[in-house]
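Asks: Here is what each chain is made of, one letter per residue.
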Amino acid sequence: MKIVVLVKQVPDSGLERHLSSDFTVDRASASNVISELDENAIEAAMALADAGQADEVTVLTVGPDHAVETIRKALSMGPDKAVHVQDDAIAGSCAVTTSAVLAAALGTLEYDLVLCATESTDGAVGGMAQMLGARLGVAAMTGARKLTVDGQKLTVERQTEDGHETLTASTPAVVSVWDSMNTPRYPSLKGIMAAKRKPVTTLSLSDLGLAPDTVGAAGATSKVVQAEPRPPRSAGQRITDEGEGGVALAEYLASQKFV
Amino acid sequence: MTVQRILPSEEAEAVVDLARQIADAELAPRVADFEARGEFPREVLRTLGRAGLLGLPYPEADGGAGQPYEVYLQVLEELAYRWVVVAEAVSVHTLACFPLATAGTDRQRDTYLPQLLAGDLLGGYCLTEPAGGSDAASLSTSAVREGDRFRVNGTKAFITHAGVADFYALFARTGGPGAGGVSCLHVPGDAPGLLPQRPEDKMGLNSSPTAQIVFDDVMVDADRLVGELDGGFRIAMAALDAGRLGIAACAVGLAQAALDHAVEYARQREQFGRPIIDFQGLGFLLADMATSIAAARELTLYAARLKDAGRPFSTAAAQAKLFATDTAMRVTTDAVQVLGGYGYVSDYPVERYFREAKVLQIVEGTNQIQRLVIARRLAKGE
Ligand SMILES: Cc1cc2nc3c(=O)[nH]c(=O)nc-3n(C[C@H](O)[C@H](O)[C@H](O)COP(=O)(O)OP(=O)(O)OC[C@H]3O[C@@H](n4cnc5c(N)ncnc54)[C@H](O)[C@@H]3O)c2cc1C
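As given, the protein sequences belong to chains H and P, one line each in that order. Residue 167 in UniProt numbering sits at position 167 of the first sequence; the count goes up by one each step and never skips. Residue 92 in UniProt numbering sits at position 92 of the second sequence; the count goes up by one each step and never skips.
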């Protein structure tokens, strides 16, 4: 089985993040890392490879030049090779146009399974697997906490608010994962060294047969027109206990639907 | 930690980054709990091993990572900054592999080393005995040749990883008295008759077991003799020359942790209406701490670079171990002072750093023994 894992470079969610003047994510000045859940997607792919169920794992990313750092990081966890779609015209793309670019790139690759995160830590749109499924005409099973492969049959446990659903599909298919699926491995020293020598193919829009004005800010289906920083944390509500403190607490928790 | 590191290669940067990443994610969140419960973090060491960090300074041909000592020591420092027991465990493991890596035959290296360096196994180093630590050449554990085996009897003391190690580098008497009658054996941890005793109750390093090991008629195959018969003492001393640098690096990392904690505290704690770091009496104390740590780090790396260049380094290693561990003791003592009463209670890690620093002045040659090594060289006019 051949697996393609989608990987995205994002600003480190542990540090302060900013928007550029056009309200797109400021990637140039940010400390960029691999989107956290993508590591779970890589781990899922590598677990299948370790079990002898996958014979090739390819990393696919759409991003600027410096996304290559994220590709190396992903490759150091074990995948065989990478494809980097890089074109200045892509900057400012929305999730829908990005899915068009990814679908076109997947069209140049052989795959039985596309693995990705359920959402990224920057946009958190959470729709990529669905959009790719639609564009590629294959099944999309989203929000997986467990994935098993039996020949061409894929079985996914889909995490829901009150439990899980079991979904099955045959390959090829897209599966998006949650972090509950696994614990990503650390790269090993050998993996880091080897990653430097693994092939990375760079593709431009023209390689994919896409017109520049269908992607990027020009082709975006949505546009952020205003953004405000999150208001500073308010002081909170203080309950003074005059014998009824417990009741007041319980009422508050109930009103916030915690209990 | 805001240390500017000058590393020799991009590869080295990746090694240190990886160590830092694992240290932040796996060591830092666990240290307080494991120290409080006195549990050895075996699984954490497996994680380090799987990442390739348990064989750093040994050649790639033997299954190591072929990194210079200079890089290996900075990895230890990063680990010690979060959890000195884990750094010391890596250092002791590296020490335990030293005899095979440097004095083993090709066949012994092929047979044992890849396994030892792959990261799943952990080593121990058995030199000290109840009657003698500093005067190691007087050791009395005996290994008597019987056919194609050695029969080992005796007791080793203060053995790090006693009971949790998968193998031990053992030094035992095969010949006459003194340094010339000692041999080195590579002993499996589960050998019948190898009996780890109850772990010592220690001042610090509580998550690392230290215990006596009784060797009661332990039979060791003769092909596990490492180096020449009666040639083991030289191996033991060479191992300690290199091992000392590991202890120095642990001391630097520990001292840096104490300093960073003290600085952060001193910037926030206010007395008489201002942050206490603004009082010169305290600011100067912190300045001296920072300066001596920087000096200790450079002396340690200088000794490592001598070793990496194939030059004599044992005097520099003794100086580094002496200076770095004395620095760690002083810095951690002063860090307690900076926190005042809060430095003395276990809600903050500084009192633990203080207890941990003490042992570094004792292990792998007490600091008196380091001075002895240095003074002897001076006396010889070297
Ligand atoms: C936590 C811990 C872990 C350890 N791990 C290991 C291990 O894994 N393997 C191992 O083999 N050993 C280990 N040791 C033992 C350690 O190396 C010895 O404790 C150390 O070498 C000192 O030996 P000693 O305790 O017998 O003290 P002694 O040698 O009895 O020394 C007592 C005092 O006399 C001083 N002294 C001795 N000789 C001289 C001299 N000639 N000049 C001036 N002063 C002198 C010493 O500096 C010291 O202050 C460990 C010890 C501890 C506490």
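Think of the hints as simulated: they come from the structure by calculation, not from any bench. Check each hint, because a few of them may be wrong.
[Stated by the list, open to error] Using 20 Å as the maximum straight-line C-alpha spacing, the simulated SDA-like pairs for lysine to any residue come out as follows: (1) H/K198 / H/T108; (2) H/K146 / H/G123; (3) H/K73 / H/R185; (4) H/K73 / P/P349; (5) H/K196 / P/D17; (6) H/K73 / P/A25; (7) H/K196 / H/T108; (8) H/K190 / P/K358; (9) P/K358 / P/E200; (10) P/K202 / P/P349; (11) H/K190 / P/T47; (12) H/K190 / P/P68; (13) H/K73 / P/V345; (14) H/K190 / P/E200; (15) H/K153 / H/D50; (16) H/K196 / P/K358; (17) H/K190 / P/D62; (18) H/K73 / P/S142; (19) H/K196 / P/T128; (20) H/K73 / H/E36; (21) H/K190 / P/E10; (22) H/K190 / P/A118.
[As the list claims (entries may be wrong)] Not close to chain P: a few residues of chain H, all C-beta gaps over 10 Å, as computed: (23) T24; (24) G52; (25) H164; (26) L167; (27) D179; (28) P187; (29) S188; (30) K190; (31) P199; (32) A211; (33) A217; (34) G246; (35) A248.
Please read all numbers here as calculations on a predicted model, not as lab measurements. Where is the CB? At the ideal position from N, CA and C, for every residue including glycine.
Asks: Would you mind marking each hint as holding or not holding in the structure?
Replies: Results for each hint:
{"no.": "1", "hint": "H/K198 / H/T108", "result": "holds, 19 Å"}
{"no.": "2", "hint": "H/K146 / H/G123", "result": "violated, 24 Å"}
{"no.": "3", "hint": "H/K73 / H/R185", "result": "holds, 12 Å"}
{"no.": "4", "hint": "H/K73 / P/P349", "result": "violated, 33 Å"}
{"no.": "5", "hint": "H/K196 / P/D17", "result": "holds, 16 Å"}
{"no.": "6", "hint": "H/K73 / P/A25", "result": "holds, 17 Å"}
{"no.": "7", "hint": "H/K196 / H/T108", "result": "violated, 23 Å"}
{"no.": "8", "hint": "H/K190 / P/K358", "result": "violated, 36 Å"}
{"no.": "9", "hint": "P/K358 / P/E200", "result": "holds, 16 Å"}
{"no.": "10", "hint": "P/K202 / P/P349", "result": "holds, 17 Å"}
{"no.": "11", "hint": "H/K190 / P/T47", "result": "holds, 14 Å"}
{"no.": "12", "hint": "H/K190 / P/P68", "result": "holds, 16 Å"}
{"no.": "13", "hint": "H/K73 / P/V345", "result": "violated, 41 Å"}
{"no.": "14", "hint": "H/K190 / P/E200", "result": "violated, 38 Å"}
{"no.": "15", "hint": "H/K153 / H/D50", "result": "holds, 18 Å"}
{"no.": "16", "hint": "H/K196 / P/K358", "result": "violated, 43 Å"}
{"no.": "17", "hint": "H/K190 / P/D62", "result": "holds, 14 Å"}
{"no.": "18", "hint": "H/K73 / P/S142", "result": "violated, 52 Å"}
{"no.": "19", "hint": "H/K196 / P/T128", "result": "violated, 45 Å"}
{"no.": "20", "hint": "H/K73 / H/E36", "result": "holds, 12 Å"}
{"no.": "21", "hint": "H/K190 / P/E10", "result": "holds, 14 Å"}
{"no.": "22", "hint": "H/K190 / P/A118", "result": "holds, 11 Å"}
{"no.": "23", "hint": "T24", "result": "holds, 29 Å"}
{"no.": "24", "hint": "G52", "result": "holds, 19 Å"}
{"no.": "25", "hint": "H164", "result": "holds, 27 Å"}
{"no.": "26", "hint": "L167", "result": "holds, 32 Å"}
{"no.": "27", "hint": "D179", "result": "holds, 14 Å"}
{"no.": "28", "hint": "P187", "result": "violated, 7 Å"}
{"no.": "29", "hint": "S188", "result": "violated, 5 Å"}
{"no.": "30", "hint": "K190", "result": "violated, 6 Å"}
{"no.": "31", "hint": "P199", "result": "holds, 19 Å"}
{"no.": "32", "hint": "A211", "result": "holds, 39 Å"}
{"no.": "33", "hint": "A217", "result": "holds, 34 Å"}
{"no.": "34", "hint": "G246", "result": "holds, 29 Å"}
{"no.": "35", "hint": "A248", "result": "holds, 31 Å"}
Violated hints, listed in ascending order, are 2, 4, 7, 8, 13, 14, 16, 18, 19, 28, 29, 30; each of the other numbered hints is respected by the structure.
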